[in-house]
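Enquirer: Here is what each chain is made of, one letter per residue.
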Amino acid sequence: MKKIKIFSLAVRNLRRKFVRTFVLLLVVAVVTGTLLSATIFITGMKNAMKIGTYRLGADVLVVPEKNESQAKAALLAGEPTSFYMDRDVLEKVKKIEGVKKASPQLFLKPSSFTCCFNVDVFLVAFEPKTDFTITPWLEKNLKKPLAGNEIITGREIPVVVGDTIPFFGAPFNVVGTMEPTGMKFFDQTVFMTMDAAYTMAENSKTKSMQPIDIAKDKISAVLVQVQEGYTPERVAIRIEHDIEGIKAIASDEVISTVRRQLNGLLRGILAISAVLWILALLMMGFAFYMIVNERQRELGLLRAMGAKKGHIFSLIITEAVMISFIGGVIGLISGYMLLLTFKSLILHSLKLPYLLPPVMVLIELLSGAIIFSMLTGLLSSLLPAVSASKMEPYEAIRKGE
Amino acid sequence: MIEIKNLIKTYNIGGQTIKAVDNVSLMIEKGDLVSIVGHSGSGKTTLLSLIGGLTMPASGSVIIDGIDIWSMGDDKLSEFRNKKISFIYQFSSLIPTLTVLENVMLPTAFGSHDENAEEYAKKLLDTVGLKDKMTSYPSQLSGGQQRRVAIARAFINKPEIILADEPTGDLDEETEKEILSLFHSMNREKNITFVIVTHDKEIANQAKRKLKMGNGSIKEL
Numbered sequence: 001m002k003k004i005k006i007f008s009l010a011v012r013n014l015r016r017k018f019v020r021t022f023v024l025l026l027v028v029a030v031v032t033g034t035l036l037s038a039t040i041f042i043t044g045m046k047n048a049m050k051i052g053t054y055r056l057g058a059d060v061l062v063v064p065e066k067n068e069s070q071a072k073a074a075l076l077a078g079e080p081t082s083f084y085m086d087r088d089v090l091e092k093v094k095k096i097e098g099v100k101k102a103s104p105q106l107f108l109k110p111s112s113f114t115c116c117f118n119v120d121v122f123l124v125a126f127e128p129k130t131d132f133t134i135t136p137w138l139e140k141n142l143k144k145p146l147a148g149n150e151i152i153t154g155r156e157i158p159v160v161v162g163d164t165i166p167f168f169g170a171p172f173n174v175v176g177t178m179e180p181t182g183m184k185f186f187d188q189t190v191f192m193t194m195d196a197a198y199t200m201a202e203n204s205k206t207k208s209m210q211p212i213d214i215a216k217d218k219i220s221a222v223l224v225q226v227q228e229g230y231t232p233e234r235v236a237i238r239i240e241h242d243i244e245g246i247k248a249i250a251s252d253e254v255i256s257t258v259r260r261q262l263n264g265l266l267r268g269i270l271a272i273s274a275v276l277w278i279l280a281l282l283m284m285g286f287a288f289y290m291i292v293n294e295r296q297r298e299l300g301l302l303r304a305m306g307a308k309k310g311h312i313f314s315l316i317i318t319e320a321v322m323i324s325f326i327g328g329v330i331g332l333i334s335g336y337m338l339l340l341t342f343k344s345l346i347l348h349s350l351k352l353p354y355l356l357p358p359v360m361v362l363i364e365l366l367s368g369a370i371i372f373s374m375l376t377g378l379l380s381s382l383l384p385a386v387s388a389s390k391m392e393p394y395e396a397i398r399k400g401e
Numbered sequence: 402m403i404e405i406k407n408l409i410k411t412y413n414i415g416g417q418t419i420k421a422v423d424n425v426s427l428m429i430e431k432g433d434l435v436s437i438v439g440h441s442g443s444g445k446t447t448l449l450s451l452i453g454g455l456t457m458p459a460s461g462s463v464i465i466d467g468i469d470i471w472s473m474g475d476d477k478l479s480e481f482r483n484k485k486i487s488f489i490y491q492f493s494s495l496i497p498t499l500t501v502l503e504n505v506m507l508p509t510a511f512g513s514h515d516e517n518a519e520e521y522a523k524k525l526l527d528t529v530g531l532k533d534k535m536t537s538y539p540s541q542l543s544g545g546q547q548r549r550v551a552i553a554r555a556f557i558n559k560p561e562i563i564l565a566d567e568p569t570g571d572l573d574e575e576t577e578k579e580i581l582s583l584f585h586s587m588n589r590e591k592n593i594t595f596v597i598v599t600h601d602k603e604i605a606n607q608a609k610r611k612l613k614m615g616n617g618s619i620k621e622l
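Top line first, the protein sequences correspond to chains U and D.
Just so we're aligned, residue 1 is where the first sequence starts under the numbering used here, counting upward by one.
Just so we're aligned, residue 402 is where the second sequence starts under the numbering used here, counting upward by one.
Hints are not guaranteed to be accurate.
Unchecked claim - With the C-beta cut set under 8 Å, the calculated list includes, among others, these residues of chain U facing chain D: (1) Ile4; (2) Gly306; (3) His311; (4) Glu392; (5) Glu395; (6) Lys399.
Rather than coming from a laboratory, the hints here were simulated on the basis of the structure.
Positions of the beta carbon are idealized from the N, C-alpha and C atoms, including for glycine.
The task is simple: from the sequences and hints, build the whole structure.
Expert: Below, the structure is given as structure tokens:
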């Protein structure tokens with residue numbers, strides 16, 4: 001038989017009061033799970049915003065004034081929408097001081113395609129000649145321009161390269177799928193050229209049950225890249241000033257809208273987490289105070305056998321850290337599972353972009369959560385452990401009788 | 402040798418200072434077997450705890466083998482207790498989560514590991530007649546059996562001093578005789594010093610030296 005260790009004494013003590021140990025495990029699990037899922041969620045949203053904004057690639061988005069909220073909803077929540085304005089807005093925007101590049105896009109809400117999946121698909125058409133957001137991706141990944149019957153799809157559209165899917169009666173070949181961004185605007189969108197979109201609209205009059213009517217002089221939005229030395233906000237103000245009936249949305253404005261929502265959410269989650277954490281600390285602290293109290297004689301006896309103050313301190317701390325470690329792991333697993341289960345529901349109600357953080361970030365978050373939960377155990381048991389180790393052995397034995 | 406000099410231990414109860422041990426001076430030679438008798442509350446148990454370094458005196462000193470135990474730091478004193486002193490209590494002092502064998506071996510957890518500790522623990526359990534209960538837990542033993550395990554445990558680190566507080570309190574006559582015989586043989590063969598606090602006159606009379614405590618003071622009988 002090996003020498004009895006403080007660790008094995010701690011394990012047996014925890015087993016002795018199984019119900020109490022279980023309740024403490026549960027408390028730590030709830031706190032850690034809540035904190036972890038909240039942190040992953042917030043990090044995921046920030047991650048999606050970062051990648052999504054980068055993918056958008058435009059500094060300013062010009063849309064019809066009356067459709068500003070629809071445009072923002074399309075960008076942030078990927079809500080399919082369609083609105084149109086005259087193409088001459090594009091020419092006017094190009095002439096504005098500070099505008100480096102301007103490219104039109106056409107937003108189409110498909111209502112007539114028949115296919116085998118049930119996702120709100122958003123059709124976005126772009127002009128390859130002037131485009132500076134989709135084309136770089138094509139050059140990097142497809143190394144060829146998009147043909148009239150070809151489309152590229154967002155990651156959440158359940159198709160693979162080589163599939164053919166119909167829109168408004170016209171078949172389109174899927175030639176590429178984009179990397180996930182967490183923004184529905186990209187992940188649930190099908191991209192085609194503007195020529196293809198106009199032809200599709202024209203043909204839909206004879207080929208589709210629900211034809212679409214878009215004149216060639218109509219566009220939905222103008223994406224703007226500003227020159228160096230100009231801020232998107234300044235150019236947006238100038239565009240709005242010079243062109244009537246339009247709204248120029250600076251990319252920072254989109255981000256700050258989300259950031260405001262995120263910050264509100266973050267503050268709420270942090271407040272709840274802080275309250276939960278303090279409650280857990282108090283509960284565990286109280287539980288360990290009780291544990292020390294009811295085991296006074298036992299601890300006194302250990303001291304009489306030659307246990308040092310450090311042995312008693314380690315024993316209490318080991319029990320607390322073990323509870324918080326196991327509880328933390330349970331919390332991590334259950335928190336992550338709950339997050340995956342309810343992700344769609346939460347995102348649907350919040351209408352915010354989300355992309356699971358990269359593996360390394362996830363590992364950091366998981367390690368952080370485990371350290372945090374162990375720290376909770378350590379902090380909560382610190383005072384009881386110190387007081388247990390400082391007890392005079394004779395007093396401990398006498399009071400515990 | 403245990404040398405106790407002007408030992409005073411006080412307690413503050415309800416604002417009043419009570420002297421549990423009042424200016425006790427005493428010499429106990431190595432290998433002595435001393436019994437201390439006295440009424441409840443006379444300070445016997447407190448004196449035993451003072452000798453074992455479990456409680457700090459208000460004044461005075463306890464010198465064991467030339468070392469004032471209260472001049473050591475707490476860790477040194479713990480090591481000293483672990484190696485040289487063992488306690489036997491009148492109540493069940495076993496750890497409920499450990500088996501009988503583990504309970505006997507428990508003091509070795511706080512000192513240097515002895516490879517032969519397990520064999521010695523089994524031998525001690527055999528001596529107290531509980532070799533067949535090695536894997537049992539304290540809750541599966543009778544009060545008398547638990548006491549015998551605690552007595553076996555007291556010898557595991559081969560101590561020089563055993564401080565026993567009513568060691569045979571609730572044991573049957575036969576077991577009591579066996580335990581006392583074990584104490585005497587250990588005292589003779591291993592030259593272990595025994596200080597036994599007891600109410601039992603018969604046990605007290607078997608000691609080499611008899612002391613009586615009353616109102617915190619001690620006198621030779």
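Enquirer: Now, for every hint given, state plainly whether the structure supports it.
Expert: Quick rundown of the hints versus the structure:
Given the 8 Å rule on beta carbons, the hint for Ile4(U) holds: about 4 Å separates it from the nearest Cβ of chain D. With a cut of 8 Å, the hint placing Gly306(U) at the interface with chain D holds, because the nearest CB-to-CB distance is about 2 Å. The interface hint given for His311(U) is met, as the beta carbon of that residue sits about 6 Å from the closest beta carbon of chain D, less than 8 Å. This hint holds: Glu392(U) has a C-beta 6 Å from the nearest C-beta of chain D, less than the 8 Å allowed.
Given hint, Glu395(U) at the interface with chain D, holds; its Cβ is 7 Å from that chain's nearest Cβ, closer than 8 Å. At about 12 Å, the closest approach between the beta carbon of Lys399(U) and any beta carbon in chain D exceeds 8 Å, and the interface hint on this residue is violated.
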